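Please take these sequences and the hints and turn them into a complete structure.
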Amino acid sequence: MTTTKRVREILSWYAGESPGTLANLHRLLMHGRTGGTGKLVVLPVDQGFEHGPGRSFAPNPPGYDPRYHFRLAIDAGCSAHAAPLGSILAGAAEYAGELPLILKCNNSDSLYTGADPVPAVTAGVEDALRLGCAAVGFTIYPGSAGRNTMYEEVRALAADAKAAGLLVVVWSYPRGSGLSKEGQTAVDVVAYAAQIACQLGAHVVKVKPPTERIESDAARAALEKAGVPLDTLAARVRHVVQSAFDGRRIVIFSGGAAKETAALLEENRQTALGGGFGTIMGRNSFQRPHDEAIELLHAVMDIHATTTAAPGD
Amino acid sequence: MTTTKRVREILSWYAGESPGTLANLHRLLMHGRTGGTGKLVVLPVDQGFEHGPGRSFAPNPPGYDPRYHFRLAIDAGCSAHAAPLGSILAGAAEYAGELPLILKCNNSDSLYTGADPVPAVTAGVEDALRLGCAAVGFTIYPGSAGRNTMYEEVRALAADAKAAGLLVVVWSYPRGSGLSKEGQTAVDVVAYAAQIACQLGAHVVKVKPPTERIESDAARAALEKAGVPLDTLAARVRHVVQSAFDGRRIVIFSGGAAKETAALLEENRQTALGGGFGTIMGRNSFQRPHDEAIELLHAVMDIHATTTAAPGD
Amino acid sequence: MTTTKRVREILSWYAGESPGTLANLHRLLMHGRTGGTGKLVVLPVDQGFEHGPGRSFAPNPPGYDPRYHFRLAIDAGCSAHAAPLGSILAGAAEYAGELPLILKCNNSDSLYTGADPVPAVTAGVEDALRLGCAAVGFTIYPGSAGRNTMYEEVRALAADAKAAGLLVVVWSYPRGSGLSKEGQTAVDVVAYAAQIACQLGAHVVKVKPPTERIESDAARAALEKAGVPLDTLAARVRHVVQSAFDGRRIVIFSGGAAKETAALLEENRQTALGGGFGTIMGRNSFQRPHDEAIELLHAVMDIHATTTAAPGD
Amino acid sequence: MTTTKRVREILSWYAGESPGTLANLHRLLMHGRTGGTGKLVVLPVDQGFEHGPGRSFAPNPPGYDPRYHFRLAIDAGCSAHAAPLGSILAGAAEYAGELPLILKCNNSDSLYTGADPVPAVTAGVEDALRLGCAAVGFTIYPGSAGRNTMYEEVRALAADAKAAGLLVVVWSYPRGSGLSKEGQTAVDVVAYAAQIACQLGAHVVKVKPPTERIESDAARAALEKAGVPLDTLAARVRHVVQSAFDGRRIVIFSGGAAKETAALLEENRQTALGGGFGTIMGRNSFQRPHDEAIELLHAVMDIHATTTAAPGD
Amino acid sequence: MTTTKRVREILSWYAGESPGTLANLHRLLMHGRTGGTGKLVVLPVDQGFEHGPGRSFAPNPPGYDPRYHFRLAIDAGCSAHAAPLGSILAGAAEYAGELPLILKCNNSDSLYTGADPVPAVTAGVEDALRLGCAAVGFTIYPGSAGRNTMYEEVRALAADAKAAGLLVVVWSYPRGSGLSKEGQTAVDVVAYAAQIACQLGAHVVKVKPPTERIESDAARAALEKAGVPLDTLAARVRHVVQSAFDGRRIVIFSGGAAKETAALLEENRQTALGGGFGTIMGRNSFQRPHDEAIELLHAVMDIHATTTAAPGD
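Residue numbers (this note's numbering), protein chains in the order written: chain W, 123 to 435; chain U, 123 to 435; chain S, 123 to 435; chain L, 123 to 435; chain Y, 123 to 435.
What the hints contain is simulated information worked out from the structure, not anything from laboratory work. Quick caveat: nothing in here was measured; it's all calculated off a predicted structure. Do not take every clue at face value.
Treat identical chains as interchangeable: a pair holds within one or across any two.
[Stated by the list, open to error] Cut-off 20 Å, straight-line C-alpha distance, at most; resulting in silico cross-link-like pairs (DMTMM-like, lysine to aspartate or glutamate):
1) Lys-127 / Asp-197
2) Lys-303 / Glu-414
3) Lys-127 / Glu-220
4) Lys-381 / Glu-304
5) Lys-330 / Asp-238
6) Lys-284 / Glu-248
7) Lys-330 / Glu-417
8) Lys-381 / Glu-346
9) Lys-284 / Glu-220
10) Lys-381 / Asp-339
11) Lys-284 / Glu-388
As structure tokens, this is what we get:
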């Protein structure tokens, strides 16, 4: 397929990055069912590591095999599949070249949990190159006492990745003793998390859908004074996307815990209306039976591919 | 424009630094509306990272786009633009060569705050060179239990920077469990902070305008005995500048929180009278509408360019 | 497009190579008009370096601009474009991701010619990664007194390339004081050149179409005793392909000097009948006007895509 | 001065290079009397090393002091000054920041001359950074038996320079046992030399004005068949510029041995008419008395700044 | 199978080598039909590279596929298979773990031949480890003007190999301008070649069957004076084996050019009687049809496994 005008426009936002990085961004943006629309729907599966296998895969047992997720992402026409080292190793040769891969380079398990998490660095740029990945992925936890460790790790990873022509995807999840539980998805906090990821050099940022809550009094004062509407999810997504360099960085939203189809589709419609660039949807897809998952993913993709962002007020 | 006598004089203070460092100092001193006067007016924008995007940019939404600040600094004739890695990445190719850039190499966010902050190191000399920056910038927090970490980081960064011909700008902000809140801007503390930055090898030091408060009894005794006048801001600025190698290091003063124009101009007049080398003014410029910001910046620049330092007593 | 059975079969020959290398081989085999057929038609343009600009591009002046060849390869649906560093640099950002690129990593110019040529190494794996290339290309001259230098260079390059997930394409051109001029294209010599490239770890080998001449008495004795038919180009291509690990390495044939369309098509038909995997056709395409070149390339592609290799005797 | 449309256009040809490299190219293109016109007039002084001091500086003795050439280049408004390590060291601190510097990184002296020269590498990227240079310069001798050594050296230098945000200027001077004396300036050979420099990654190429001679029979056949006009210097310059990626690389022409003013101006007029990007004029300027040299340089600059390239036939 | 007493004895000769090296020697000595007897029968196939593909494989075309030789060595119960990088790459994954592999790390082709050959280094220890090889193999040409290059290369390779726990096999083939054609297999020369290999740190040495010729007058004088019997091949083998640290290094003998079965078996019988440790037999096995080759290899293996070395006089 010929590169679309929209994809060319998005690539222009990354002027100054290496041609290899641009080429890998092009791969993601032109691949799969949303290819060419400027939207991304990514299948991430790191729950085996993060939450444990039974909790993650018992609802749909074929998911115990990492190759199931390669297959699911290919069958559904996802933009990319993201997973930790072991999962990528398990399918990279068999599905070589069939879809863009994002190597998740740090991970936390749930057998030890502290108030201020710092994930382990489990893979790097050399792994990503050898395994044929288009991107490296990294999680940061703004709000954790250990946040700076993660910021410095992602800085080093991103420098290496960009020199080697890879894309950098950052999961920016506020969490830690600096924040209340509800504050993790407060709209000002999510917007702030997106900004931090962009400042650290991320090309693609993944955040959670923001709630109406505003955590910081200073932020509330500024937002209220400026009359920024935050009453709908679309409006809040718009604020988050604006916070990512005025919409010139790709921000995608996670699906979160498994939920009903109708709620999920509405969430994605709101995301798209707000100018979100797509979704990264794990449990809601791989915990459903294969065909049901495909049907859902197609519905989600079509929402993103066809919904025009409504202008802000 | 031909290099002025004043600029030559200032460069002479840095004899022994590499010619590349001198050339970059020359670039800052000869650039923009204050070019040639020996004064610097810098546009710093790291508030997206430090304070969060909504709080920083909602008052003037074009500022969500990092390129807005490149444009603003160019339009106003600022001496340089300082920003974190992501912001510089977002505009470095498009505005290549149009103004001197200072890459802010460490940053703190506000989602986790501790009594003794240590910023994350988010960029380095290789980034600065690749992106065409004239200087690296670094924040130290004298008064923090973690101060030595920062001193050692800036020492390493400065060594690399000087070998590569870059300028070193240090934000020296007393903060931490070693100081009262009011003590952070006490005149003896600010003077001390300027001295520490100079001792660590800074070429340009940025401090906050000092208050009349004196934090240390020992300092008070010595200052009083010597009859050092500290009753006006000009007098206090004079003490701070003197504390920076008797005025042979460039010290510039921050504008602080957004305030009214008249107060701001008066503050800058006092700074200039006291022998300050200029200002680094973020929120007071980029949170105003573009044309208003330009008008203000021009007024500030003209104060610095035309005000002769009054002799101390 | 779904990966075809034939492409899966070819990938299986390279089991043990890194998934990244397989993914890049997949990219070449699935790209363009011959995508999925197991055949490759590559546009190589290194004649500016090897023969000089006027001699190469005066026949079709748009070719002076390296971007013309990116465009031509894209428009024609070539499997890849191969060129030296400067040419790739000139188009890699603008055409990022639009077609697989092969970075030619050594080159000879014609201003100095010796009996035993050794090309200069002009690029490497880091360049290829940064520029988003799928493969590195390297020329060896078996028969040159300097051959071992080239063999050792390509070994080192290939080791780095494979660790980084790149493909290795070797141009194996017998030449040098060890061979007569006619011997350079003798069928035993071309077969030998293909074998050497495979032994050095090449994934794709490029040779010249072999003539009926047999250079080595020992080879003639063995081939005659075994009754190997060599009277048609198809038969000779079959022997060369068999010499490349019994057809389990991709061997493509060069078009050579510009020639008439009918001769060229017949040459390609014979190559395809003999089991050749395609062609790498430079002067015959880029020295023709654009539309004529497209027409010819399409005809050549269609011959390769649709011709079934005739069984050997 | 605001960046001109022409300078923006030229910068766009180098998309994919680092922002730092673009910034240094911007510096050269916006500096001095031709600043903003897209033309460069460079003062190179390496004759002390290459030809010996008496031969070079006795005609105008102030030139024995390297600082004279800094001064001359500044006074005349040259785009840059190019010189070997020692000369740059001798003036870099005193004139820090006053004009763009090109560090000549290899040099040949005349006390030993062989048929196949290879210059000594006398400086590198770290020197250039420490001394505040905008560019590294390197000489290659296509036609020399030692050419590949130089090609491999410039490749390594260019890779380092680009990563550090420097510009790469290549002096491409055909010379050596592969060429006749007259062949060194034959139009096909000069065009070929320009092409080679571009392929090796040069941003700016410096060649000698081409004569009507055509050295290679193959080149003559192609150029005659295509009807390429080569009868005037302008026409020949046009062919050389076209050979440098269809005019998308900056090619400047040397002044050669000292000659009369009228001849020199006419040569520059022809160069400008042919689309040359300027001149690099050493002996013709620094061997004249200071004021005469300034006058001549201004005349040359004005020719380049105001002459529009005549279209080719 | 339990490690035999004889194998333990042989391993004891290599005390001081790394346990990894001993373990790999154990693998060779315990593998295949001769496993446990202290004898080795190795299948080497580097003729595709050394002599050319047609000449090597036309007699038995399945041999064009490198995997044929893996299969043949497995089917026959060989102690190991030795081959160049490309061949090992072609089968290492498919036959992983099924037989010990020796990676031939240098090779010469026949398209350029000089009086004093030096093979190209085509692989190394990292390749051997990645590909699961038990040993590296290396050819030296004592008698060549370039011998010291090879000695130094094998020294470096052996050091790396031993540190990584690999075995070192040296093909020691006298050849070059220092020797007559007949002298290459003279008994004193072969014995000398074995000694040199041992001195360079070889664990296993491969030489050609020695003739009755004595090349060196000094050697002849000494041997005659001592009354060393050299009239039978067994006697000459005994001298060669004695020259390899008095039989405490494994020396195996090559089969040479294809020959008749009876002659070959007799040669092996003599080798075994003389205390040779086995044979490395390429063309005589892989140029025969598969089943015939198996039959021959079994016969050869059984000779070595069952023949007791006759005591010397």
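Here is how each hint holds up against the structure:
1. For the identical chains of this complex, Lys-127 and Asp-197 are inter-copy neighbours only, at 17 Å across copies versus 26 Å inside a copy, given an alpha-carbon limit of 20 Å.
2. In this assembly of identical chains, Lys-303 and Glu-414 lie within 20 Å of each other by CA distance neither inside one copy nor across copies; the values are 32 Å within and 41 Å between.
3. In this assembly of identical chains, the alpha carbons of Lys-127 and Glu-220 lie at most 20 Å apart only when taken from different copies (13 Å versus 24 Å within one copy).
4. In this assembly of identical chains, the alpha carbons of Lys-381 and Glu-304 lie at most 20 Å apart only when taken from the same copy (19 Å versus 33 Å across copies).
5. In this assembly of identical chains, Lys-330 and Asp-238 lie within 20 Å of each other by CA distance solely inside one copy; the values are 19 Å within and 30 Å between copies.
6. With identical chains, the CA atoms of Lys-284 and Glu-248 are at most 20 Å apart both within one copy (12 Å) and between copies (11 Å).
7. Proximity of Lys-330 and Glu-417 under a CA criterion of 20 Å is satisfied in neither setting, with 23 Å inside one chain copy and 40 Å between copies.
8. In the homo-oligomer, the alpha carbons of Lys-381 and Glu-346 lie at most 20 Å apart only across protomers (19 Å), although the nearest pairing inside one protomer, at 32 Å, exceeds that limit.
9. With identical chains, the CA atoms of Lys-284 and Glu-220 are at most 20 Å apart between copies only, with a shortest distance of 19 Å across copies and 23 Å within one.
10. For a Cα distance limit of 20 Å, the shortest separation of Lys-381 from Asp-339 across copies, 19 Å, qualifies, whereas the shortest one inside one copy, 32 Å, does not.
11. In the homo-oligomer, the alpha carbons of Lys-284 and Glu-388 never lie at most 20 Å apart, since the shortest distance is 36 Å inside one protomer and 45 Å across protomers.
This entry does not satisfy hints 2, 7, 11, going by the numbered hints stated previously.
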